[in-house]
Amino acid sequence: MSSDKFTLPYEVDRAWCPGCGNFSIHKILQESLAKAGIEPEKLVISSGIGQAAKMVQYIKCHYFNGLHGRSLPVATAIKACNPELTVIAESGDGCTYGEGGNHFIHTVRRNPAIVNIVHNNMVYGLTKGQGAPTTMKGMRTSLQLHGYALEPFNPLATALALGAGFVARVCSNFRQQATEVIQEALNYPGYALVDVLHPCVTFNKLNTAKWYKENTYTLENHDPSSLEAAMDKALETDRLPLGIFYQQNKETFNERSHAYEQTRTPVCQRKVDPEKITQLVS
Amino acid sequence: MSSDKFTLPYEVDRAWCPGCGNFSIHKILQESLAKAGIEPEKLVISSGIGQAAKMVQYIKCHYFNGLHGRSLPVATAIKACNPELTVIAESGDGCTYGEGGNHFIHTVRRNPAIVNIVHNNMVYGLTKGQGAPTTMKGMRTSLQLHGYALEPFNPLATALALGAGFVARVCSNFRQQATEVIQEALNYPGYALVDVLHPCVTFNKLNTAKWYKENTYTLENHDPSSLEAAMDKALETDRLPLGIFYQQNKETFNERSHAYEQTRTPVCQRKVDPEKITQLVS
Amino acid sequence: MNNSKETSLLFSGEAGQGLNSIESLLDSIMRENGLYVFSSKEIMSRIRGGLNTTLLRIAEEPKGGFIRYPEIIFSLQAGGLERLRDRIAESTLIFHDPQIEEAPKTGSAVEISQKEMTEAAGGKLFLNVALAGMACALLEIDRQIGMDATASFFQDKKPEENCQAFQSGFDLGASLKKEHSWSYSLSPSKAARESRLFSGSEAVGAGALAGGMNFIASYPMSPSTGVLTYLAGKADEFGLLVEQAEDEISAINMALGAWYTGARGMVTTSGGGFALMQEGVSLAGVTETPCVIHLAQRPGPGTGLPTRTEQGDLNLALYSGHGDFPRLILAPGSVHQAFQITRKAFDLADKYQIPVFILTDQFLLDSHWLERPIDYDRQPPRSYTIVSDTDYQRYQVTDSGVSPRALPGEGRGFVRVDSDEHDVRGEITEEFEVRSSQVEKRMRKGRELTKEQDGLELYGSEDYKNLLVCWGSNYCPARETIDLLNDQETACLHFSQLYPVPERAAKYFQQAERIINLENNFTGQFGSLLKQKLMIHIDEQILQYNGLPFAVEDIVDQIRDITKRN
Amino acid sequence: MNNSKETSLLFSGEAGQGLNSIESLLDSIMRENGLYVFSSKEIMSRIRGGLNTTLLRIAEEPKGGFIRYPEIIFSLQAGGLERLRDRIAESTLIFHDPQIEEAPKTGSAVEISQKEMTEAAGGKLFLNVALAGMACALLEIDRQIGMDATASFFQDKKPEENCQAFQSGFDLGASLKKEHSWSYSLSPSKAARESRLFSGSEAVGAGALAGGMNFIASYPMSPSTGVLTYLAGKADEFGLLVEQAEDEISAINMALGAWYTGARGMVTTSGGGFALMQEGVSLAGVTETPCVIHLAQRPGPGTGLPTRTEQGDLNLALYSGHGDFPRLILAPGSVHQAFQITRKAFDLADKYQIPVFILTDQFLLDSHWLERPIDYDRQPPRSYTIVSDTDYQRYQVTDSGVSPRALPGEGRGFVRVDSDEHDVRGEITEEFEVRSSQVEKRMRKGRELTKEQDGLELYGSEDYKNLLVCWGSNYCPARETIDLLNDQETACLHFSQLYPVPERAAKYFQQAERIINLENNFTGQFGSLLKQKLMIHIDEQILQYNGLPFAVEDIVDQIRDITKRN
Ligand SMILES: Cc1ncc(C[n+]2csc(CCOP(=O)(O)OP(=O)(O)O)c2C)c(N)n1
Ligand SMILES: Cc1ncc(C[n+]2csc(CCOP(=O)(O)OP(=O)(O)O)c2C)c(N)n1
Ligand code: SF4
Ligand code: SF4
Ligand SMILES: [Mg+2]
Ligand SMILES: [Mg+2]
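These protein sequences, in sequence, are chains W, X, H and G. Using the numbering used here, read the first sequence as starting at 879 and increasing by one per residue. Using the numbering used here, read the second sequence as starting at 879 and increasing by one per residue. Using the numbering used here, read the third sequence as starting at 5 and increasing by one per residue. Using the numbering used here, read the fourth sequence as starting at 5 and increasing by one per residue.
Next comes chain W alone, as it looks inside the complex (with noise of 0.2 Å):
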């Protein structure tokens, strides 16, 4: 069970500052992937564009490194026409919260089978350290000089009212728990969501691994299966808990549709009939 099967078999210059949290979220991801019992050539991430989507690029596997905002939906048709592939969106909370905001809250209620792991260090890396959605109050960035001054996005809460089956939040500081976390998510049946708490030392000078240590905790004698609790817990911003906030089963996208209610090939390789061609034109 080595994590070594998702390196790639030569060197890469891993673009990320040094000190990044991206590079234990690398661990994280390549750990976890190995402890779910995943195959590198059954294994599809789609990504955005940010220092986060970068991460496809430094993995053993198949990538559609796609738009800004945009890997929702790819990952929901790759999932949709080969439920035979495990299928990550993984990109940064500019990327999944901002651009990517409706597909963010419509993919939730569609409900496929993939993992949106999203990299949020509370700012937006790669264009140089503009506020990003999670950013908090106050934060000074280039752009916004006076602090920061809009109500920082709840993805965990959002995510929740809008009915996920999976929520949780981990911090890239923590990798025994992320990857646990992660593990988990993997093998859930629907969308999971994980926000992965970075820090980001270019541009993020408060949320620090420091701050992360104080202003985090472990969620303990948390009941998963209650939405109240989880709604309760989400809302939480004094300290940020950790940890997996809601687990369900619900039916899955693919469950749902009627495309596979009455075979179970992957919509890839359905052929056409030509005899019922003939039947429609003549």
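Be aware that a few hints might be false.
Label-pair restraints from in silico Cβ distances [to be verified]:
1) 885(W) <-> 65(G): 51 to 61 Å
2) 897(W) <-> 115(G): 27 to 37 Å
3) 241(H) <-> 1095(W): 48 to 58 Å
4) 915(X) <-> 1023(W): 30 to 40 Å
5) 165(G) <-> 885(W): 34 to 44 Å
6) 107(G) <-> 1095(W): 51 to 61 Å
7) 112(G) <-> 915(W): 54 to 64 Å
8) 155(G) <-> 897(W): 22 to 32 Å
9) 467(G) <-> 1147(X): 48 to 58 Å
10) 115(G) <-> 441(H): 31 to 41 Å
11) 1154(W) <-> 885(X): 51 to 61 Å
12) 1018(X) <-> 1142(W): 23 to 33 Å
13) 896(X) <-> 1154(W): 35 to 45 Å
Derived from the structure by calculation, the hints contain no laboratory data. Just so it is clear, the structure is predicted and the values come from calculations on it, not from any experiment. Just so it is clear, CB atoms sit at the ideal spot from N, CA and C, and this is done for glycine as well.
Given the structure of chain W, go ahead and fit chains X, H and G with the ligands onto it with the hints provided.
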């Protein structure tokens, strides 16, 4: 205090089906506007595209009848540039929660002082009856022949999760309550969401006037200052509560914006001082 | 049209008065009766009320163009005749109810009483069927054929009442016909009886199925929704996955995700929705993921006229997406072309790994044609994908520019696709040489594409002096124009492939003394493209942009004006 | 460039090694010292690591083009010289550390020890300043001027340590210079000392302020973000409302909302972001709401090369939005033009109620020029709006096509704006005549617009035979090319107005025997537009699409090749 002042001085052919709930909403809106003491000359309604969005055409006021899904950014900017105007963003459920979903979630966070009236007929009316984000599971439509399969979008719970300060639901069939709530929303200083349930007699044979009568009830003994209570009520789907779920003043977009810190002059009236340009470039 | 081999009917009424049923019912009665029919509608963007019209051309030979002057008008709603004032000829027969509206100044008006007809028909709900019956009587259609068709059309919806209504109308029509000694009868044929009725939407949808389409994600938007609805209806039979996306951006990204797995994805949309897909088109371009985009045109800008027709989005498709990359733009003009071209679109998208556009419009999609059955060769779609080996490179540099496409999970290689500029392995690169070589590789596919020369049809005299150029849905009206002109001097050149502009088109232009460009838009977008690519000079333009399709008579008149002028 | 009046320096290193500080510091030292400076960078899309370069051209006269062969190279990071292999001439002086990388095959290499330099400078953090000091010594810059500039540049960030580092580098440079008897000295001038340093981003931003811009909503995207950041920094001083939108769709809709109230709104974006704004552009077109769009180009398709340069989005701007409507596309080529044109954009957007585009690119925006102060006439922006009366009609049909624009809340009329086709009052219409008259009204503004003829500049001999055509940021390199060719046969025609194509351009082409089109894209987009609009024949194209700006030497070489060939 007559709602006639919002009536156009000539006959208009309202392009709705006989019996459509939009006719009631039209009356409700004119009445609540009049009761809130608003002058037509100071009122702008921004709308998208759909049956609901046609409303602006039938009211004596300024309007910006823009694109499908985009009523909110237009409304936000209008209010931001000219705070002296009363600004309403009004459109259908598909327009606001579907195509415009990303603006919906981020406008809540931005909290501009506008009223967002969403005509929720749980269907796409103008395009002839496809499922909308709020369509109930199982309803058959021209596209969803086996019944609509996605988890219905819960606008109230979502808005609450995102920190909205005024969240309400009314129904076109209960005119007095609807008028009161919209009047309250017009007086609320911030983003006020009013989701207006209404029958679409042509395409929604499930959520009829009778259905609304049987499946809604008025909130009573409810504390609109409690977020938990509001969220509990918002998550109820057995019978849908009507009324103001949550009301709590919050700093508005203009209040937060540094553009209004030094001067209250509307942005739209600000002129550049050539002296300052000289300093910049010579 | 004063043509003894044809009759045309126009019904005017409000949304909700059952014009669609009249159209469908009469379409099938005519077929049963062995007469060709073409029907077309112009409707307002509302569900009830307003003023819509449905035009039916019934003929001994297939017809396919919109016409200005119907022979017989039935007006059901106040304001209808006023709105039709420019479409009434001296010879037009007009059935109108003086209780509802005045008779028009021109044409020969015949009074009918809606009240009486409604009573005879058995109620308001049945008035439309009575009108259909009346029309049948005027055309000397066999009563029994009409009755049978009515019974089967309404088999789940009060068949007896509807038959009775049909009868009542037929009786009235027959007695009026006798009274006025009108004669509109046509000779039926076996060929017509063996023909099939298609709408443009159905033909596009059936073509997609024949092309192996098995995934569609779209967001409703007139006039593109018909294809989506049609395919939703075929989903179970053909094992399709049909998804209503939350917006158009999602739709095109889903379609690309589908192709990535080896499925064949499609989106159907209209101008405003397509505008939102532009970044996705560029994504298809850079990742070399195939994609088929059905772009159903309607008049813009902005929301424009949602339920009407225009050919205004060619430029949008042609230049959609940022950056340079190859694409193919096809524009069928008939139901046969719609089927064949849509089918071909899937093949070429897969072969070249590019976005392929099918440009249609409201006129083509919403009209119905009784046509000979479509030539279908039963060839299953060819797949161009390969099974990867461990050394697989998604963006291998090849002479043709096409890199073999493998699928994730099939084979031992990895399929690594990137929207950033990438090297052969699909990894982000900032090497200048690699960038240049990948740009050149992609663009080489465009050069290869020009070999797929098709989609050009000359109609009319080979010795033409005047060449009428048209594309897409102007196919039928333009050909009919040539027939009517019948001057041995004018031919029409129809393009169903717009881009790359077929190179062999040049020779047709050389021969022409006068090039007349026909387009349903303001600026003559295709004409501009021809100017740019073939360096030709366009002498005259016939343009229209009011939301209506071209009427054949109008084209004829304008060409006569032009040829008279100089 | 072997030119006695100029020296050029190139620094190669990774992101995080302080190349930006070297650039800014040297820029200001050169100005203080009375030398013109032009600096330009090419960087990778990452925050730390990779390999970037910064080029500085220091000269007695203003220079503005990118060059292939710098005179002196400082390489700080392994791989730097390998990456620069094509940019080293025999005469290039290269400072390199043999511990880090090998000396290149060409050029004259001088060994330095980064370790020693770092120690002398006082630590890794200060190595960049030491290099700046070294460069100053080589150029015989006054040491005190360098020290003072360093102290003021780092006034909040360890000024003493930085000065000490500067000294250490200066000392090393001075001793090497003496040892090798290099001579790179230049004569300072008062004019240079009185000039101002601008980046393209600053010039666009300042032009927007001069144009009365008071609202900007945008979403970050390289290379457009510089303008947004600049304006955010000016927000308090100028009373601007600056908002980071949730996406580009929101941004452009907000900008339209702002203009609707009478504010002057702007968006700044790049290809992929702009692709998402297309429907909004169409909305501006149909509602006749003014809008200014700064489109900062970078190489596509898709995500492409985010931090690099290209001129690939002209077609996207030209045909953006569905349907036909008028627009104006401007493309400045210098900081002076960037200021004036952006300013003018606001005026013309308001005057014609249309979307106005400012097309720039990464090269223009991120480069710095020391230039004479901008001519600014202190004229406050003119407003074209009116105060409405009760009978106000937003879409009044006028000869010019421009309907007087009133503002909501000002005056007694109602401002009713609609994205559906509308009548004069702004109400939805389905009348065919009204539709046609509104289309024609809107398009008439396009005709009027052609009167605003500007944005065309000929440079070089009036008796040219060869005409080099260029637009936007190729202004400086093309002019320098003409200077270098100095053949009396070649002139350059620069367009800063791309659309409508200035009509008076035609006469310049008539005279040319050979038209050479210069564009930083694959297909020659502007050349195609010229072909289409002016029916000219383009003889030769000089195209580049690797992500780099044109180097002046490369243009010269290619023109010489072309003129030699035939
Ligand atoms: C349509 C579009 N808009 C904007 C961008 C520019 N862009 C690239 S990455 C990014 C933000 C990245 O932030 P986030 O998603 O939080 O990722 P991070 O870099 O912080 O990991 C932006 C705005 C883009 N590539 N495409
Ligand atoms: C970009 C875009 N996509 C799609 C459409 C087509 N469209 C017009 S209205 C509508 C749905 C209307 O539904 P809703 O907002 O619920 O309003 P209703 O008609 O039900 O009141 C759609 C999909 C459009 N106008 N623009
Ligand atoms: S900018 Fe921040 S998120 Fe990006 S690589 Fe550097 S530290 Fe990590
Ligand atoms: S379709 Fe439905 S929502 Fe639209 S007007 Fe008719 S009843 Fe009302
Ligand atoms: Mg981030
Ligand atoms: Mg609706």
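Each hint tested on the structure:
In this structure the hint that residue 885(W) and residue 65(G) lie 51 to 61 Å apart at CB holds, the actual value being about 55 Å. Judged by the Cβ atoms, the range 27 to 37 Å given for residue 897(W) and residue 115(G) holds: they are separated by roughly 32 Å. Our hint of 48 to 58 Å for residue 241(H) and residue 1095(W) holds, since their Cβ atoms are close to 55 Å apart. At roughly 38 Å, the beta carbons of residue 915(X) and residue 1023(W) sit within the given window of 30 to 40 Å.
Range check, residue 165(G) to residue 885(W): Cβ separation about 42 Å, and the 34 to 44 Å hint holds. At roughly 57 Å, the beta carbons of residue 107(G) and residue 1095(W) sit within the given window of 51 to 61 Å. Range check, residue 112(G) to residue 915(W): Cβ separation about 60 Å, and the 54 to 64 Å hint holds. About 31 Å separates the C-beta atoms of residue 155(G) and residue 897(W), a value consistent with the hinted range of 22 to 32 Å.
Residue 467(G) and residue 1147(X) have their C-beta atoms about 54 Å apart, which keeps the hinted 48 to 58 Å range intact. About 35 Å separates the C-beta atoms of residue 115(G) and residue 441(H), a value consistent with the hinted range of 31 to 41 Å. Our hint of 51 to 61 Å for residue 1154(W) and residue 885(X) holds, since their Cβ atoms are close to 57 Å apart. A C-beta distance of roughly 25 Å is found between residue 1018(X) and residue 1142(W), which places it inside the suggested range of 23 to 33 Å.
Separation of residue 896(X) from residue 1154(W) is about 42 Å and conforms to the stated range, judged on CB atoms against 35 to 45 Å.
Consistency note: the structure conflicts with none of the earlier hints.
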